[in-house]
Amino acid sequence: MAVVLDSSEINRALKRIAHEIIERNKGTSNLVLMGIPTRGAALSTRLAKVLSDLEGQPVEHGTLDTTMYRDDLRGSAPRTLAKTEIPAGGVHEKEVVLVDDVLFSGRTIRAALDALAEHGRPKSVQLAVLIDRGHRELPIRADFVGKNVPTNRSERVSVKLVEIDGADEVQIEGRP
Amino acid sequence: MTTHLLSIKDLTKENALNILDTAEELARITETPVKKLPTLRGRTIVNLFFEDSTRTRISFEAAAKRLSADVINFSAKGSSLSKGESLKDTALTLQAMGADGVVIRHPASGAAQRLADQKWMTGSVINAGDGTHEHPTQALLDAFTIRQHLKQSQGDLSGLRVAIVGDVLHSRVARSNVHLLEKLGAKVTLVAPPTLLPVAVESWKVAVRYDFDEELNEYDVVMMLRVQRERMDEAFFPSEREYSRRFGLNGERLSKLSKDCLVMHPGPMNRGLEISADSADSSKSVIVDQVRNGVAVRMATLYLLLGGN
Amino acid sequence: MSILLKNVKTASGDLVEIAFESGRFIEPKDASKEAQVIDGKGLTVIPGLVDLHTHLREPGKEDAETVLSGSKAAVSGGYTAISAMPNTNPVADTAGVVEQVYRLGQVHGICDVFPIGAVTVGQLGKSLAEMGAMNSSEAKVRIFSDDGNCVWDSLIMRRALEYVKSFDGLIAQHAEDPRLTHDSQMNEGAVSAELGLKGWPAAAEESIIARDILLSEHVGSRLHICHLTTAGGVELVRWAKARGIQVTAEVTPHHLLLTDEKARSYDPIYKVNPPLRTDRDVQALREGLADGTIDIVATDHAPHPAENKECEWAAAAFGMIGLETSLSITYLAMVKSGLMKLEDLLPKMAKNPAQIGRYEGHGELKPGNWANFALIDTSAIWKVERTGIVSKSKNSPFVGSELPVKVIKTFFRGNEVYSQ
Ligand SMILES: [Zn+2]
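Chains as they are written, first to last, in the working numbering: chain A, 1 to 176; chain B, 1 to 309; chain C, 1 to 420.
Since the hints were derived computationally from the structure, they do not count as laboratory data.
Ideal placement from N, C-alpha and C gives every residue a C-beta, glycine not left out.
Each statement offered as a hint is correct.
Which residues of chain A face chain B? A partial, calculated answer using Cβ under 7 angstroms:
| hint | residue |
| --- | --- |
| 1 | Tyr69 |
| 2 | Leu73 |
| 3 | Pro78 |
| 4 | Leu81 |
Derived, one-sided and incomplete: chain A residues facing chain B with beta-carbon distance under 8 angstroms:
| hint | residue |
| --- | --- |
| 5 | Met68 |
| 6 | Arg74 |
| 7 | Ser76 |
| 8 | Thr80 |
| 9 | Lys83 |
| 10 | Thr84 |
| 11 | Asp114 |
Turn these sequences into a full structure, and let the hints steer you where they fit.
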């Protein structure tokens, strides 16, 4: 098992992403972070904290469950739904940043785009991920990446976060 | 989850709570302008109704359509199919049509289980009411409604006292509710004349009362069952008037219910017989919520049964 | 020419020789010197079994069973005499119909088929059928029954009991109060309450048994209770016998083994009239058979085509076939359970029914009787396969079961009519 990021590296990556988001969007005033459950939601909460500390004003953030929009439900046990929480200001005409832990095939993000569209028409939609492991099956790319990790398809990227798993760590499993 | 939903007995407590929680989330999503989810796109769901029930059929149809499933309505009542000998042929037809799920309403107890057990077809079977046996999604939407009003939409129903009043003997709603409420920790009291209770009802985990007024103020929920007028001809009770006086929810009894008691009815109601108009329309009545919640509960059921298939 | 059966055991295990000539048993010492010898090593010889309750469906529903197919099913189960219930189409309520059925049995020559006549015209319970004419016919009908229906009207029942006294007849009652069983689907109790299938109270059966026992005592006639299923019914018959009332009773193999728990499958293969009852009833029936309260085992063999069972429970027909598994099931329920010995059970399936029906020359392995017997293997275990069922209909609840006791050969009037 190879450790890809440790706790301090995860936090550094989030800080860097935060700076890039501020630069790209010229501040945070029209920004909404939407985390994709489960770990994307936790990352989005952390990112919102980093952003508000940097900018000195709170950043709108929520969660977006993509389960019901997935096109790969067949063949696996139905997942229990996670919560979708749209911030009070909604997403319409906002600069929305989707936040997820790992970008892989891109199917989750496609589902997230569909789910998001049901709640309004954002001014723009950007994507922030902690890990990009490649192997895209759709024309989707991330705007903000914590770390690019080349992988084999058979490997598994395991993201652990304090909020959920009790510790921060990113590992690759199944690597010989 | 199981492959089929034929009886509440198919569900563990965790399964049942999972359905309620999923329905809760779906109800939240569908409160927003979202009307349709792509979840079951490309799946075919057949509504196979051997008995008239517009409200149940419409509820399942709306649930399936909101999940983007293709819905085929198959009303078999009145056709040669309702005679029963061709349940097998119907199943073979559905199999040929590639139905992923079949929602069946049938006047014969056990028809849904028969359809599922015989390997005539491979799709999931959802019992939408079979004879006097069960109607599991009705019990689930009842539990959902009770939880919404009395448990902040969370957890089980422990500690609640629920009275189910009326024709328990012929009620599939009562049977499913007895099983589910017991699973979820509620205490059930059946209130009916002895003629409308099954022989051996003492083997059920419920209390039985022949007197509706006894403990009337102690119930958290009063669930009224529909009385079929033709039961009178079979001598189950002497007259509608006597039934209504002894077992109907009238204004006087309504006023004796506890402050937060819910009044429920699976519909369709016989106003003036088992429930008075003022009871049905009172602030305690959640009958309209039951109908509304039916769609979310059925969406959750369809998703959990078919989502992974 | 005489035939000598050697090296066979009786039901109690003694080695014996059995001889017969011209279709009848003779003393082995009287067998001719050049007698043909059959070696029955390892097998048990039993009298040809006698069934007092068989549904053959001819005339009227020959797709389900005919006299021929039912006869073949009978001998494969060790039976050499069966009694055709009259609920055919047309109903066997005239001399013409009973003679037709009787003659078909004789023409086929596989086993004896004794018709049972209807008590009332069309089995409608309204007016008495011409029972005298049926008795005087070639079929010599002695047993009358409206089986499928109960002779419900008390006055009609009283008259029927009285009327058949003149020719030593008896009424075989299907005890079921129709008002208490309208649309009923299964035993009324905890299981029916849960399944939502309309209940069939034990009292519907017992109240008719009680009434008929009292009527029988009053008019001094022979009464036979068909397919007893309840503990209460056993008690009533026990009481009647203690009072010296001329009542006899039967039980089916399936009621000795199966309970209403089987209905939980909603598979109508278990739908039968009268219904499967509770475990307590099953125990009472077994005790009743063991202590002589119940005189006989009768199959109530009720063939139905597949489409009448491949449907939902309420739409399905009542009944199950039984001729081919009767001996095995009864053995399983009574002998395997340790309640009876085989030699005590067999009279309930041969001698007693022959005696009740006055079937001369049947039921016992004794010189002068018809050479009707079966050779069975009491140590064999066999699996009931749908494809192995001889009856035209396959509605056996025991398909797939492994059962004890196999019938190897059956002889009717000295001729081998079945060989495994
Ligand atoms: Zn009968």
